[in-house]
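Protein chains: 2
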Amino acid sequence: MIGAVDVGGTKIVVGVADQDGRLLAQDRFATLPERGPNVVIGEVIAMLNALARGQGEALTAVGVGCVGPLDLPNGAIMNPPNFPGWSYVPLRQPLEKALGVPVRLDNDANAAALAEYRLGAGRGAEIMVYTTISTGIGGGIVVDGRLLHGVGGGAGEFGHQTIRADGPRCGCGNRGCLEVLASGTAIVAAAKRAIADGRGAGILEQAGPAGLHAGHVAHAAAAGDAAAVEIWGQAVEALAIGLGNVVTTLAPDRLVLGGGVAQTGDLLLLPLREALARHVRMVPVDRVDIRIAEHVAEAGIYGAIAVGLQA
Amino acid sequence: MIGAVDVGGTKIVVGVADQDGRLLAQDRFATLPERGPNVVIGEVIAMLNALARGQGEALTAVGVGCVGPLDLPNGAIMNPPNFPGWSYVPLRQPLEKALGVPVRLDNDANAAALAEYRLGAGRGAEIMVYTTISTGIGGGIVVDGRLLHGVGGGAGEFGHQTIRADGPRCGCGNRGCLEVLASGTAIVAAAKRAIADGRGAGILEQAGPAGLHAGHVAHAAAAGDAAAVEIWGQAVEALAIGLGNVVTTLAPDRLVLGGGVAQTGDLLLLPLREALARHVRMVPVDRVDIRIAEHVAEAGIYGAIAVGLQA
Numbered sequence: 090m091i092g093a094v095d096v097g098g099t100k101i102v103v104g105v106a107d108q109d110g111r112l113l114a115q116d117r118f119a120t121l122p123e124r125g126p127n128v129v130i131g132e133v134i135a136m137l138n139a140l141a142r143g144q145g146e147a148l149t150a151v152g153v154g155c156v157g158p159l160d161l162p163n164g165a166i167m168n169p170p171n172f173p174g175w176s177y178v179p180l181r182q183p184l185e186k187a188l189g190v191p192v193r194l195d196n197d198a199n200a201a202a203l204a205e206y207r208l209g210a211g212r213g214a215e216i217m218v219y220t221t222i223s224t225g226i227g228g229g230i231v232v233d234g235r236l237l238h239g240v241g242g243g244a245g246e247f248g249h250q251t252i253r254a255d256g257p258r259c260g261c262g263n264r265g266c267l268e269v270l271a272s273g274t275a276i277v278a279a280a281k282r283a284i285a286d287g288r289g290a291g292i293l294e295q296a297g298p299a300g301l302h303a304g305h306v307a308h309a310a311a312a313g314d315a316a317a318v319e320i321w322g323q324a325v326e327a328l329a330i331g332l333g334n335v336v337t338t339l340a341p342d343r344l345v346l347g348g349g350v351a352q353t354g355d356l357l358l359l360p361l362r363e364a365l366a367r368h369v370r371m372v373p374v375d376r377v378d379i380r381i382a383e384h385v386a387e388a389g390i391y392g393a394i395a396v397g398l399q400a
Numbered sequence: 090m091i092g093a094v095d096v097g098g099t100k101i102v103v104g105v106a107d108q109d110g111r112l113l114a115q116d117r118f119a120t121l122p123e124r125g126p127n128v129v130i131g132e133v134i135a136m137l138n139a140l141a142r143g144q145g146e147a148l149t150a151v152g153v154g155c156v157g158p159l160d161l162p163n164g165a166i167m168n169p170p171n172f173p174g175w176s177y178v179p180l181r182q183p184l185e186k187a188l189g190v191p192v193r194l195d196n197d198a199n200a201a202a203l204a205e206y207r208l209g210a211g212r213g214a215e216i217m218v219y220t221t222i223s224t225g226i227g228g229g230i231v232v233d234g235r236l237l238h239g240v241g242g243g244a245g246e247f248g249h250q251t252i253r254a255d256g257p258r259c260g261c262g263n264r265g266c267l268e269v270l271a272s273g274t275a276i277v278a279a280a281k282r283a284i285a286d287g288r289g290a291g292i293l294e295q296a297g298p299a300g301l302h303a304g305h306v307a308h309a310a311a312a313g314d315a316a317a318v319e320i321w322g323q324a325v326e327a328l329a330i331g332l333g334n335v336v337t338t339l340a341p342d343r344l345v346l347g348g349g350v351a352q353t354g355d356l357l358l359l360p361l362r363e364a365l366a367r368h369v370r371m372v373p374v375d376r377v378d379i380r381i382a383e384h385v386a387e388a389g390i391y392g393a394i395a396v397g398l399q400a
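These protein sequence lines are chains A and B, in that order. The number in the working numbering is simply the position in the first sequence, starting from 1, with 89 added. The number in the working numbering is simply the position in the second sequence, starting from 1, with 89 added.
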């Protein structure tokens with residue numbers, strides 16, 4: 090039985106899965122990092138043991154998907170911005186000591202990529218590119234069943250390609266990154282600017298009182314709202330340039346799109362395919378099988394399961 | 090003994106090498122494709138046999154590096170633009186039949202990448218990106234000793250990333266490709282335009298009567314010619330965006346630069362490193378070992394040797 094731990098800044102999800110990667114049970118708790126690493130890790134261990142006991146089976150390995158930055162060779166978290174007060178926190182070692190099974194760690198984007206490869210829309214691909222288009226834009230690359238990590242574990246940072254060198258400043262320090270042009274955050278910010286300018290009535294109509302997200306902009310664009318058409322079109326164009334560059338570089342046979350923005354389905358896929366065909370001329374882009382990820386809301390815990398299956 | 094065949098549009102170079110990839114002898118002839126495939130392939134076979142006899146050893150395998158497009162699974166050339174009158178020409182099969190040894194084929198950019206990995210500046214890398222900056226811009230990716238081919242053999246087409254979506258039209262049909270902004274051809278064209286406008290006296294001074302190439306622009310820029318500073322600076326900036334995007338995607342531990350433009354050495358490397366550090370923030374670019382290729386003038390024949398060593 091595989092144990093899985095999805096470590097996020099606000100909550101930690103713990104689960105157990107069978108050898109086929111099926112999630113059998115899960116539980117969660119608020120991270121509350123101010124309690125310090127020992128208390129948080131202790132709670133993870135207790136919850137893993139309780140879930141395994143509940144299934145009447147012993148753990149054989151544990152996978153951890155974790156917000157970065159990570160020291161992958163040593164299985165530790167390094168100065169995570171979401172965990173104030175934590176500096177260098179070993180995770181793998183205390184978990185292995187307490188549980189007596191091998192523990193494997195990877196960052197959340199890589200883990201989600203591996204989950205799609207092993208348990209989702211990336212099955213059977215030779216070169217799979219997974220990208221999550223959400224608050225930010227990240228991803229991972231699986232070649233012949235193996236995640237590419239690269240120096241500093243940095244492979245798959247698709248969101249920080251330079252798309253418009255004279256574009257807006259990105260949080261990373263560069264200008265005109267894909268993330269600052271086409272993430273859910275960027276789309277929502279553009280929509281709010283349009284609304285503040287008295288445009289985008291159709292976006293407000295889609296959003297209702299519950300709060301605006303990128304999907305509302307996509308639907309308003311489909312319904313013909315001029316501001317939404319412009320904002321969604323620009324985001325799709327930036328994605329086509331960025332993902333097109335990745336396709337031109339890697340010629341993947343599978344491109345899996347995850348994250349909230351990809352949940353718009355054909356509202357994204359159809360214009361994206363058209364724009365990719367304009368930008369990608371040297372790789373047969375019609376042979377790149379583009380799919381929406383299978384595990385989106387539960388990408389974290391399935392990512393941890395996929396990492397655990399490798400342990 | 091490895092046989093090596095470098096098939097280009099104007100000439101074909103044939104060589105023999107030992108098992109360590111050392112080139113022992115070579116010969117060449119003008120392709121003259123109008124003679125038809127049978128005559129050209131017959132000449133390749135005769136030359137390989139003659140070179141092997143000259144060394145007193147039998148061939149054990151043959152590698153072929155070839156201008157594309159290729160049908161890699163079947164070892165054939167497909168409608169090559171440089172070979173008027175050739176349509177679909179099998180290469181591997183007739184060579185294997187005549188020589189009685191395994192023959193392996195790859196496109197010239199991939200072959201050159203493999204040569205740098207096995208026999209040059211890419212030795213020992215885990216993820217190696219090789220790019221040639223020459224008439225065009227292309228390259229290849231070697232992961233754990235294996236070339237990535239991707240769909241249609243298209244992996245490594247770095248020169249056709251979109252760098253400026255509103256930039257000039259590229260031969261491939263896209264706009265603002267890296268190749269149309271920063272290849273040797275693009276640099277020379279920009280220099281000629283500057284000279285036609287009465288600028289770039291320093292470039293003319295470097296070039297002398299023998300004809301202008303990108304290296305002259307680099308040297309004129311170093312000597313302070315204003316037009317050259319601008320042209321070289323823009324090319325380096327485009328390369329930093331394009332290669333920066335590749336670094337952000339793959340986080341390679343080694344980046345090998347080949348082709349004539351890279352022969353400018355530090356005139357390219359120093360400003361390129363500075364510009365990469367501006368654009369690449371999420372991958373530790375200081376841990377990407379950037380080197381000039383070892384086999385530049387003879388990239389073709391060493392590429393064929395490297396392909397042959399895999400056969």
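These are computed hints drawn from the structure, not numbers from a lab. We put the CB at the ideal spot given by N, CA and C, even for glycine. Treat the hints with caution; some may be incorrect.
Claimed, not checked - Label-pair ranges, simulated between beta-carbon atoms:
1) A:A386 / B:G98: 51 to 59 Å
2) A:A386 / B:D378: 35 to 43 Å
3) B:G143 / A:N163: 36 to 44 Å
4) A:R376 / B:D107: 48 to 56 Å
5) A:D109 / B:D378: 37 to 45 Å
6) B:D378 / A:G256: 27 to 35 Å
Status of the hints after comparison with the structure:
1. A:A386 / B:G98: 51 to 59 Å: Roughly 54 Å apart at Cβ, these two residues keep to the hinted range, so it holds.
2. A:A386 / B:D378: 35 to 43 Å: holds (41 Å)
3. B:G143 / A:N163: 36 to 44 Å: Once the Cβ atoms are compared, 55 Å apart, the range 36 to 44 Å for N163 (chain A) and G143 (chain B) is violated.
4. A:R376 / B:D107: 48 to 56 Å: violated (39 Å)
5. A:D109 / B:D378: 37 to 45 Å: holds (41 Å)
6. B:D378 / A:G256: 27 to 35 Å: Holds, since D378 (chain B) and G256 (chain A) (Cβ atoms, about 29 Å apart) stay within the stated range.
Hints 3 and 4, counting from the list given before, are not met by this structure.
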